[in-house]
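K.L.:
Chain order of the listed sequences is A and B.
According to my numbering, the stretch in the first sequence is residues 1 to 213, in order.
According to my numbering, the stretch in the second sequence is residues 1 to 213, in order.
Please keep in mind that the hints were generated in silico from the structure rather than gathered at the bench.
This one's a predicted model, so the numbers in the text were calculated from it and none came from an experiment.
A few of these clues could be false.
One copy or two, either will do: identical chains are not told apart, so a pair holds if it fits within one copy or between any two.
To be verified - Simulated crosslink set (SDA-like; lysine to any residue; CA at most 20 Å straight-line):
no., residue 1, residue 2
1, K117, D128
2, K23, G121
3, K23, P80
4, K117, A36
5, K23, V88
There are 2 protein chains.
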Amino acid sequence: MMRFYGFFRSSSSYRCRIAFNLKGIQPDFVPVNLRAGEQRDPAFLAMNPQGLLPALDTGRGVLTQSLAIIEWLDETRPAPPLLPADPVQRAAVRAFAQIIACEIHPLQNLRVLNFIKQNYGLDQDGADAWARHWIAEGLTACEAIAARRSHGGAFTFGDTPGLADICLIPQLFSADRFGLDSASWPRLREIRAACDALPAFADAHPARQPDAQ
Amino acid sequence: MMRFYGFFRSSSSYRCRIAFNLKGIQPDFVPVNLRAGEQRDPAFLAMNPQGLLPALDTGRGVLTQSLAIIEWLDETRPAPPLLPADPVQRAAVRAFAQIIACEIHPLQNLRVLNFIKQNYGLDQDGADAWARHWIAEGLTACEAIAARRSHGGAFTFGDTPGLADICLIPQLFSADRFGLDSASWPRLREIRAACDALPAFADAHPARQPDAQ
C-alpha cells in the first residue's frame, strides 16, 4: 500500500500526481495543508522528519523530492517510460526538468515569498513581482529549448508525454496564478494544450483535488 | 572528444569535476568566466544558446544542468557507480542531492544575489546574510538525514562516495565562503574529511583549477 502526502496547489505535488496518473497507479492520498503549517504536525514529522512535501510512503521507505519520486516510479514501473532510452536524450529531458525544478520553482515558493515579505518590506504585490521575474526568465529559456526541439511531436520531447511535460504544466499553472501572460511562450502553450487533452494531466489539476480550497 | 565548459568557483561546475574524477575521465576544460559575463559571449552562445554553466559537449550533443550531466555520466560509464542499485536507495540519494541543488544552491547563486542587491537596496553584507540563511536551513536538513544514515560508512550513503557527496562538498565550500561555521553540522564535517582525503575530490577544488583567481 502506497501513501502519497501532498497539497493540491503545490507544484511539486502536482508533478507527482501527473506521473502517478501516467503510470496508471493510485496511491492513497493524504492531504497536508501547507498554508496551515500541517507539514510541521508531530504526526507528519514522525513519518517524514524533514517536514517536506511531497512525500511518498512506499511501504519500504519514505521518499521525498518530486524528481526523485518520479525517477523511482520510472525505475520500478517502466511502462510507459517518462524518460527516453537514449542517454543524451535522457540528459536533455532531465536538464529541461531541472531548469524548472532548480531554477524557477525554488525562487517562487511560499517560504521564499514569505521571507522577502518579512525581511525586505515587500507587500504581496512586491512578492508577486519577484515571482513573476524568475518564472518569466526561466520559462523563456524553456520556450527556446522547446521551440528548437519541436519536430512535429505534440509534447516537449516528442510524441509522448514525459518528465519535461510533468514539470512544465504545473509551472505554467503557477505562472497563471502570478498573473503572467503566456503569450510570450507560444510553443509552451501548444504543449500545454496537448497535455490538457490527456486525462492524466487534467485529473492532476489542483482544482480537481479533494483538498482544493 | 569531450569538452567541459565551467568556472572554477561555480558549485555546479565543481560537482561535475568531482564526478569526472571519480569516473577517471578528463574532458578538455574550457574556462568561462561567469563574473566577467563570458557565458553571454557569442562564441559560447553558438555552442550553448542558453548561456548556462556548466555545459558538456559530448560530441553527440551539448548537455547542461549538473545533475543531468552527472546522471548521463553514470549511465554511460557505470563504474564506479555514483548511485546505489536499489531503487529506494537511489531515490534517497537523489533526494539528498536535490535538497542541495533545488533548495539551497538556487537561492545563493550570483544572479539572485545581484537581483536582491539591485532591487531591495541590500549591500554585500545583506546579500551574504540572505545566502547564509538559506544555506544554513538546507544544510541543517542535510545534517539530520546524514546523521540518521550513518551506519559506519565514511560517506553520506555508505562506504563509497556518490552523488550525495558530489553535491555536498561544493555546498560546504560555498558555506565557508559566506562565513558560515560548520560546527553545527558534525556529521557533514566527518563526511567532508573523508571526501577531502580522496584525490577525486581534492583535485576538483576550486583553488586547484587553471582558471582560479
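K.L.:
Would you mind marking each hint as holding or not holding in the structure?
P.N.:
Consistency of the hints with the structure:
1. K117 <-> D128: So K117 and D128 pass the 20 Å test inside a copy (10 Å) and across (18 Å) alike.
2. K23 <-> G121: Neither: 45 Å inside a chain and 48 Å across chains, both beyond 20 Å.
3. K23 <-> P80: within (6 Å within a copy, 31 Å between copies)
4. K117 <-> A36: within (18 Å within a copy, 32 Å between copies)
5. K23 <-> V88: between (23 Å within a copy, 18 Å between copies)
The structure is inconsistent with hint 2 alone, although it conforms to all the rest.
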